[in-house]
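Visitor: Each protein sequence line maps, in turn, to chains A and B.
1 is the number of the first residue of the first sequence in our numbering; add one for each residue after it.
198 is the number of the first residue of the second sequence in our numbering; add one for each residue after it.
Some hints could be false.
[Said to hold, decoys possible] Each pair of labels, with its calculated beta carbon distance range: (1) A:PRO149 x B:LEU261: 30 to 40 Å; (2) A:LEU79 x B:ASP326: 35 to 45 Å; (3) B:ARG285 x A:GLU179: 46 to 56 Å; (4) A:GLU173 x B:ASN382: 34 to 44 Å; (5) A:ALA77 x B:ARG320: 30 to 40 Å; (6) B:ALA365 x A:ILE151: 35 to 45 Å.
[Claimed, not checked] Mimicking DSSO-like on lysine-lysine, the simulated pairs with C-alpha atoms at most 27 Å apart in a straight line are: (7) A:LYS73 x A:LYS124; (8) A:LYS57 x A:LYS73; (9) B:LYS341 x A:LYS124; (10) A:LYS32 x B:LYS280; (11) B:LYS324 x B:LYS402; (12) B:LYS402 x B:LYS341.
[Stated by the list, open to error] If we take Cβ atoms under 10 Å as the criterion, some of the chain A residues that face chain B in the derived model are: (13) ARG16; (14) ARG27; (15) MET29; (16) PRO31; (17) THR37; (18) MET38; (19) ARG88; (20) PRO120; (21) TYR128; (22) ARG154; (23) ASP157; (24) ASP161; (25) THR162.
The set of hints was computed from the structure by calculation and includes no laboratory data.
Idealized CB from N, CA, C, for every residue including glycine.
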Amino acid sequence: MNTQSRPSQVAPVENRVAAIEAVFEQRGMEPKPFIETMTHAAEEEWVPRNGGRVVAKAWTDPAFRQRLFANGKDAVAELGLSMPAHHRHLVALENTETVHNVIVCTLCSCTAFTIIGLPPDWYKDLDYRARAVRESRTVLREMGLDLPPEIEIRVWDTTADTRYMVIPVQPPETVGWPEDRLIDIVTKESMIGVARL
Amino acid sequence: MDGIHDLGGRQGFGTIRYAPGAPAFHAAWEKRVNALYGMAVRRGIFNMDEYRHAIERMPARYYLSASYYERSLTSLLTLCVEKGIVSREELEHLAQGTVPLSEPSAPGRTNLPDRETFQRGDRVRVKNDFFAGHVRMPGYIRGKPGIVVSESPRYPFPDAHAHGVEAADEPTFDVAFRTEDLWPNSADSALVHVGVFQSYLEREK
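The shape of chain A in the complex, shown without the other chains (with noise of 0.2 Å):
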C-alpha cells in the first residue's frame, strides 16, 4: 500500500476521478445526472443567504430568536431550509457587545453548509484548523478582525454532528430596517464567526 516510492506513475486526479465515476456508471448507478443535481444544489441551494434569513429574522422576531436558541434545526425549517441527516442538531451562537464566537473543525472541515454555505478553501487550510483553537485572537487580527481585549473570545470545534452558526452582533445603524434589506448586510464569514458586521 505504500504509494511514496512511485509518485511519477500516479494518475492525474481527473484521471482518478472519471475511473470512479466509470465504475459508477458501470454498475448502474447513474452519476450524471446526480452530480448535475448535487452541484446545483452546492452552487445554487446551498448559498449564505440561507443563514442571512435566518439571522435577519432572529434580529427582528424575538419569539424566533427564542426558538432558535432552543432548537436551531426545528427553527430554520420553519423558514424551509433543510440539513442533511448527519447534521442532527444546530446551535446558533449569540455574538454581543462582549462575546465574539468563532467556529472551526479541526479535525476536518465540517460545517452547516446547507445554512451557512459550503466551506470557503481557507476554512479547510491546514492553517486555520491548526491555530483557530490556539491562537485565535491572533488569527482573527491577521483576517482583518482586531478585537479588543474586553471582548471574550469562544471557539468551536465542530466534532460531532452538532454543527453550529453564528448570529452576528446587528449593526445599530440598521435597526428598524425591513427583513429583505437585512438578508443582504449577513456575510458567510460573518457567520463563521471570522467578521463582524
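Chain B: place on chain A using the hints.
Guide: Quick look at chain B alone, frame taken from chain A:
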C-alpha cells in the same frame, strides 16, 4: 488515531490564506468528487464516519500534500476498493496510472464502560484514552478539564460506526475548555468548546 489530521493546536503553520467571499471549489473535478462521495453515502456504500476515517488513514506525507478534494477522492476510492465495489487494478487500468489509497484500518471499538450523564455546569475531564481507530476526540483535550455547557441528541458512536462495530448511540456534551488549561502559558486566552462523546468523558474528582 493520533494522525496528522489531528491538527488543533499544532505549531509551525502559516498565515491564514484568507479572502472574503473565497470559493469552495477551484476546479470542475472537485465538484464531481463532492457529488460522487455524496452519492456513495446516499447509496449506503459507506457512512460519514468511514469516509472521515479513510481520509485520516492516508499516509501522513500524502495527507499533508494533497488538496482538500484530493483527500475526499482518496477516501472515496479507498472505501470503494475495501468494500469490493471495484478492484485497485481496475481503477488503475481505468485511470491509466497508479492510484494512491489510504492505509488499512485498525479495529474499531464499541462504547466505553461507565458512561455518565452530565448537566450544564458539571465539571468533567476527558479520559486519558488512546485508540488507534477512528475517534472524534482531538488530542488537545485528552486528559483536560472542562465545564459542560450543553447536551446534544444521541449520535452514532464514531469509534464503532467508522468500523462496522455495533454500539449504542450516545449524546455528546459541548464542553468549554480554557486555553490556559489546554496549553498553559502558550496560547491566546479564549474558551474552546468541543462536542465530546459521552464515552470520552468522566466526572471531575
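Visitor: Against the earlier hints, flag every one the structure doesn't satisfy and list their numbers going up.
Guide: none
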